[in-house]
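**Q** Sequence:
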Amino acid sequence: MDVNQLTTEEVPSSPSQALLKNVQELAIDGEEPPPRYVRKEGDHKEKKEVPAYESLSVPVIDFSRFSPASSSREKEDEMEKLKSALSSWGLFQAIGHGISKSLLDDIYDVSKQFFDLPVEEKERYTRSEEDEIVDLQGYGSDTIVSEDQVLDWSDRLYLLIQPQEQRKLRLWPDPPTHFRRTLNEYSAQARSVAEVVLKAMARSIGLEEDSFMDQLGEELMVYARFNYYPPCSRPDLVYGIKAHSDGGAMTILLQDPEVEGLQVLKDDQWINVPCMPGALLINVADQVE
1 MDVNQLTTEE
11 VPSSPSQALL
21 KNVQELAIDG
31 EEPPPRYVRK
41 EGDHKEKKEV
51 PAYESLSVPV
61 IDFSRFSPAS
71 SSREKEDEME
81 KLKSALSSWG
91 LFQAIGHGIS
101 KSLLDDIYDV
111 SKQFFDLPVE
121 EKERYTRSEE
131 DEIVDLQGYG
141 SDTIVSEDQV
151 LDWSDRLYLL
161 IQPQEQRKLR
171 LWPDPPTHFR
181 RTLNEYSAQA
191 RSVAEVVLKA
201 MARSIGLEED
211 SFMDQLGEEL
221 MVYARFNYYP
231 PCSRPDLVYG
241 IKAHSDGGAM
251 TILLQDPEVE
261 GLQVLKDDQW
271 INVPCMPGAL
281 LINVADQVE
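Residue numbers (full-length UniProt numbering): 1 to 289.
Hints were generated in silico from the structure; no laboratory data involved. Please note that the accuracy of each hint is not assured.
When the alpha-carbon atoms are kept at most 16 Å apart in a straight line, the in silico EDC-like pairs for lysine to aspartate or glutamate are as follows [said to hold, decoys possible]:
id: 1; residue 1: K81; residue 2: D62
id: 2; residue 1: K21; residue 2: E120
id: 3; residue 1: K40; residue 2: E147
id: 4; residue 1: K101; residue 2: D256
id: 5; residue 1: K101; residue 2: E185
id: 6; residue 1: K83; residue 2: E165
id: 7; residue 1: K122; residue 2: E25
id: 8; residue 1: K21; residue 2: E121
Taking the hints into account, I'd like the entire structure generated from these sequences.
**A** Structure (structure tokens):
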């Protein structure tokens, strides 16, 4: 399971998308995944998969070094590391970001509590066909955009955070009891992290620190997405989430501390990204890239 905090200006929409049976239900019987979930022969094998012990290291940026308490040398060194990470990877692990471990634990815990609910309880928050035409808010699984697409072996909860007046609070789970409060607190702090990151990115490439913020504007669309990957009897045949690039400006990813599986494509190789306790994986998305 992981948590995405997605900042974007575009509302995803596709009136042709159809709702699917939840993957968690498919996984209960333990049978092989249905054909629509089986990846195509040769797919993902053109790229060399690098075992974790051979993996290149995803850059780690300590944002506490940009604080007034840090020396000029520390700030300069960390800025150079950030510039290198952006040019060579387009993503990095952020530490010293200011979000407490207790809050990271809380957002993970409430998301786990939600996916542990009975199926009929979770389905109270399922997006409807009408919702699909406008956006993807709510609980569900992959959506069909083409007849030959390989479907993700995952369920998800997708919620609009900002603008607040566009939230569909009927799709915000309750229970878990503290889900809404925890998500509000985490989202506010994640947005602060995003602003710090965008300003540091601008400075690292010689721009005014508000350059990216000014381009994105005040009315950012901010989404949170919770992904759940049920056990699969044939994990070698499916994708939790298939290869993709992130739209919008930035993705802040909180990885599952117990299960690793994230990979990124670098220099034509799929690189495993191990979970780093307390870190947030920051991915520069298409709009900024």
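**Q** Starting from the hint list further up, note which numbers the structure goes against and sort them upward.
**A** 6
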